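Peer 1: Sequence:
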Amino acid sequence: MALGKVRNIKGLTLPPTVTEDAAVQEQNHPSSEVEKLNSPFSIENQLKQISLTDSQRKRMQQWFIEKQKIGELNGEELEKICELGFGNGGVVMKVRHKPSGIIMARKLIHLEVKPSTRNQIIKELKVLHCCNSPYIVGFYGAFYADGEISICMEYMDGLSLDIVLKKAGRFPEQILGKISIAVRLVSVFCIFFSFYQTPEFQVLNGLQYLKEKLNILHRDVKPSNILVNSQGEIKLCDFGVSGQLINSMANSFVGTRSYMAPERLTGSHYSIQSDIWSFGLSLVELAIGKYPIPVPDFKDLLRIFNKPTDELYMVDDSKLLAGRARGSGQSASISMQSPKTMAIFELLDYIVNEPPPILPRGLMSDEFTDFVEKCLRKNPQERANVKTLLIHPFIEKSKMEIFDFAGWVREMIRKKLPEDMQ
1 MALGKVRNIK
11 GLTLPPTVTE
21 DAAVQEQNHP
31 SSEVEKLNSP
41 FSIENQLKQI
51 SLTDSQRKRM
61 QQWFIEKQKI
71 GELNGEELEK
81 ICELGFGNGG
91 VVMKVRHKPS
101 GIIMARKLIH
111 LEVKPSTRNQ
121 IIKELKVLHC
131 CNSPYIVGFY
141 GAFYADGEIS
151 ICMEYMDGLS
161 LDIVLKKAGR
171 FPEQILGKIS
181 IAVRLVSVFC
191 IFFSFYQTPE
201 FQVLNGLQYL
211 KEKLNILHRD
221 VKPSNILVNS
231 QGEIKLCDFG
241 VSGQLINSMA
251 NSFVGTRSYM
261 APERLTGSHY
271 SIQSDIWSFG
281 LSLVELAIGK
291 YPIPVPDFKD
301 LLRIFNKPTD
311 ELYMVDDSKL
321 LAGRARGSGQ
331 SASISMQSPK
341 TMAIFELLDY
351 IVNEPPPILP
361 RGLMSDEFTD
371 FVEKCLRKNP
381 QERANVKTLL
391 IHPFIEKSKM
401 EIFDFAGWVR
411 EMIRKKLPED
421 MQ
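In this text, residue positions in the sequence shown follow UniProt numbering: the first is 1, and each later residue adds one.
No lab work stands behind these hints: they were computed from the structure.
Being a predicted model, the structure only gives us computed values, none of them experimental.
A portion of the hints provided could be inaccurate.
To be verified - Here are the simulated DSS-like cross-link-like pairs (lysine-lysine), alpha carbons at most 25 Å apart as the crow flies:
(1) LYS98 x LYS80
(2) LYS80 x LYS416
(3) LYS123 x LYS67
Unchecked claim - Per label pair, the in silico range of CB-to-CB distance:
(4) ILE304 x SER116: 47 to 53 Å
(5) LYS58 x GLY85: 36 to 42 Å
(6) ASP54 x SER116: 25 to 31 Å
(7) GLY147 x GLY289: 37 to 43 Å
(8) GLU83 x ARG57: 47 to 53 Å
(9) GLY71 x GLU112: 53 to 59 Å
(10) GLN62 x ASP300: 43 to 49 Å
For every residue, glycine included, the Cβ atom is placed at its ideal position computed from N, Cα and C.
Taking the hints into account, I'd like the entire structure generated from these sequences.
Peer 2: Dropping the structure here:
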């Protein structure tokens with residue numbers, strides 16, 4: 001593929017309009033219902049209805065107690081401690097709520113919109129009050145002031161996985177297993193869902209529940225939206241509850257587009273299968289330590305994993321390769337050229353028309369390689385669904401492994417970023 005100035009010849013699209021989903025969310029969860037769900041009586045019932053470990057239950061109870069102390073938020077009560085980072089058109093700061101002393105993360109998004117639009121955004125964001133789960137970043141509230149929307153969330157001291165990746169270089173497979181389990185549990189532990197089940201089902205279940213019970217698709221699964229803390233918790237943030245906010249920020253989603261599924265870029269139907277693609281791509285990035293499109297060449301992979309050539313080989317299953325290439329009109333292959341920087345529409349064209357990333361056998365376990373392959377099939381109808389992934393051998397193996405994830409996160413917190421060491 002030639003590099004250079006690229007026009008959007010194929011008519012690839014940016015984030016689609018999603019206000020219809022937001023309208024359904026508001027219809028399903030009016031303000032009065034949100035308030036009712038966050039009453040002390042309702043919260044206690046929620047905790048009884050879900051299967052939690054003792055430590056999870058204790059932390060959830062403490063979270064609800066803290067949240068009830070805060071009440072309506074405003075900018076004057078928030079004291080800036082430091083800046084945490086940028087993302088999706090906004091800056092995230094660590095702040096202290098002065099009346100309560102609670103530390104939280106405040107995301108500021110500058111928006112030039114009419115009053116009716118910003119009021120609708122705040123209204124839609126209130127759906128986040130309904131997502132009381134050990135696997136979703138806690139939501140304190142949102143407000144508008146001085147041309148900016150403020151979204152106040154639980155502070156996760158381990159920060160996001162994209163920042164952790166800079167410190168770690170790449171993630172061991174045991175860590176990827178724990179992350180996959182966590183991402184499954186998000187949906188199962190959200191409210192409106194009475195069930196009796198062991199708490200093994202994390203991030204993937206989370207994506208499924210957000211859609212089936214709250215009518216929410218995450219829309220933005222990527223490493224920067226998966227957060228960790230020193231207690232070993234893994235939580236999702238920034239899912240697409242507000243159609244108005246997404247539409248108002250359409251020009252800010254350059255980073256998000258690079259994780260979008262092919263069908264989303266071509267304007268086709270967007271479903272939970274699209275989130276599965278984004279999750280699979282994120283796992284490959286965490287595994288190799290870099291964004292995997294264009295596909296890294298063999299030399300790059302050998303350097304990353306410090307492996308001799310004879311230990312690295314490609315999948316030779318013709319059916320598998322045919323399945324990967326189906327819909328693209330091209331044979332499956334791995335890039336034999338060094339990855340180069342791509343313009344945005346060139347990158348989107350690559351995602352739509354080129355084969356997805358392949359992890360050569362010998363780098364990771366066969367279970368993990370197969371897991372991400374099933375997540376990254378171009379045709380969403382051939383892509384694995386949540387139920388299939390929940391019982392995949394990689395997940396089953398990860399559930400059995402004992403690993404001090406909290407200790408690993410604390411080690412990463414102490415470690416400096418490469419740019420801070422210069």
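Peer 1: Between the alpha carbons of LYS98 and LYS80, is the straight-line distance 25 Å or under?
Peer 2: Within the cut-off at roughly 10 Å; holds.
Peer 1: Is it true that GLN62 and ASP300 lie within 43 to 49 Å of each other by Cβ?
Peer 2: 45 Å, holds
Peer 1: Is it true that the C-beta distance of LYS58 to GLY85 lies inside 36 to 42 Å, as the hint says?
Peer 2: 29 Å, violated
Peer 1: Does the hinted range 47 to 53 Å hold for GLU83 and ARG57 at CB?
Peer 2: Violated - the Cβ-Cβ distance for GLU83 and ARG57, about 34 Å, lies outside 47 to 53 Å.
Peer 1: Between GLY147 and GLY289, is the Cβ distance one that fits in 37 to 43 Å?
Peer 2: 38 Å, holds
Peer 1: Cβ-Cβ distance between ASP54 and SER116: within 25 to 31 Å?
Peer 2: 47 Å, violated
Peer 1: Holds or violated: are the alpha carbons of LYS123 and LYS67 at most 25 Å from each other?
Peer 2: Distance ~19 Å between LYS123 and LYS67 Cα, so the pair holds.
Peer 1: Compare the distance between the alpha carbons of LYS80 and LYS416 with 25 Å, and conclude whether the hinted pair is satisfied.
Peer 2: 22 Å, holds
Peer 1: Tell me if the beta carbons of ILE304 and SER116 are separated by a distance inside 47 to 53 Å.
Peer 2: Because 50 Å falls inside the window, the suggested range holds.
Peer 1: Given the range 53 to 59 Å, decide if the beta-carbon distance of GLY71 to GLU112 lies inside it.
Peer 2: 29 Å, violated
Hint compliance for this structure: hints 5, 6, 8, 9 are not met, and every other hint is.
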